[in-house]
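K.L.:
Chains as they are written, first to last, in this note's numbering: chain Y, 1 to 253; chain P, 254 to 426.
Think of the hints as simulated: they come from the structure by calculation, not from any bench.
Be careful, since some hints might not be right.
[Stated by the list, open to error] Calculated pairs, EDC-like style, for lysine to aspartate or glutamate (alpha carbon to alpha carbon, straight line, at most 16 Å):
no., chain 1, residue 1, chain 2, residue 2
1, P, 385, Y, 22
2, Y, 66, P, 367
3, Y, 57, P, 381
4, Y, 222, P, 381
5, P, 399, Y, 8
For reference, the chains in residue letters:
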Amino acid sequence: MNNQQAKEILALYRPGTADAEDPFFAEALQRCDREPELKRWFDEHCTVYTAIRARFKQIAVPEGLKQQILSECTARAKIIWWQRPELLAVAAAIALLMGLAVFWLRTPRPGEDTFGHYSTRMTGIARRGDYLMDFETNDLTQIRSYLAQHHAPADYVLPAGLRKVAATGCAVEGWQNTKASMICFRTGKPLPPGEANDLWLFVIDRSAVKDAPASSAPQFAKVNRFITATWAQGDRLYLLLTEGDQRTIQQYL
Amino acid sequence: MASGLDFESVVADYYEPLYQFAFSLTRAEADACDLTQQTFYVWATKGHQLRDTSKVKTWLFTTLHRAFLESRRRQTRFPHYELSEVPLELPVLSPATANQLDSPQVLRALSQVDEIYQAPVALFYLEDCSYKEIAEILNVPLGTVKSRMARGIAQLQSILTSGDQANPIKKSE
């Protein structure tokens, strides 16, 4: 091994990590002790590495990201818990307690029935395509009938802007023992392959969502690349979601 | 979910480094948030399949990297590189220049490194993963990881040395 070969190896060395114990670097590190020019180069490499690493580590994590992750995924994780076969076996063994457990599960835990959770859950469903369309049609009248037959909110009032957009179908989503209607639309913008919708309206009984906005004037909130508009009308709470900014979503109101 | 691990503590331990990795790749807060959330969503639904709890970190970074590649897949395909034919150049950045850089400059420079090298370079600087773990995350052989890292680091430092991140000097391949 000459100094050039040692440098090529040591260029991958990360000071302060387990690289010091990695046999890949051992011979080149030993050579540093004998070769002053190589040692100088290596010290500079470590200084540069530390400086650049510090710049990467300065990337600020958005406030609220952790809470957003937890509120979206916790409900899902609870569902998965019940889908695991080994845990199902345990559950069967304590069947006597199931009545109590069901009662407990059906009672919303403090904080889980709030508007924040509802909004995060429903926007997550739409953004990740985490739903199966229950009924596919472009006919808004048929969508309304389907939702009514399935005891989901069907007496909603579509905003004028939304009535001009092509519907693609609907689904009934559950939220804290209440049904929410999800109506899917396609705005006509180009869509990535495999995706059929890019605009979603959720309607739910307003009393099912704690702290739900009471105003008929839409409130806007950015969710990563998406934007939501929320408003109340009568007993219903409306949540509209699409990719873009406030100007984008306003054309559908 | 892998036994002995609760969802909240996994999120608490890894959401920040995952976000930083995602941001290094996308340079956009919204996209980085989306990738991080998507990663934990996959963990919530499939994490229980992981038997070896010591692999959680590698699993999460692998999942995020896959999600990133999937999001890029529709836009472009990675060019084909014959790494063995590309001569290796050593990094050239001086300590004095490195100490004057700020985070946005470094990330802008990273965005101008050939795309195939960006994830290896981000992991080189951000994470204390072993090279074996990085190879698992990127799903490439160990030797390929080292080659990509070496070339990526040299490109990054060359761009930073040129001081003109808007008009980068890229290595010809």
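K.L.:
Decide, hint by hint, whether the structure agrees.
P.N.:
These are the hints, each one checked on the structure:
1. P:385 <-> Y:22: With Cα atoms ~11 Å apart, residue 385 of chain P and residue 22 of chain Y stay inside 16 Å; holds.
2. Y:66 <-> P:367: Not satisfied, since the Cα-Cα distance of roughly 31 Å exceeds 16 Å.
3. Y:57 <-> P:381: holds (12 Å)
4. Y:222 <-> P:381: It is violated: about 33 Å lies between the C-alpha atoms, which goes past 16 Å.
5. P:399 <-> Y:8: holds (10 Å)
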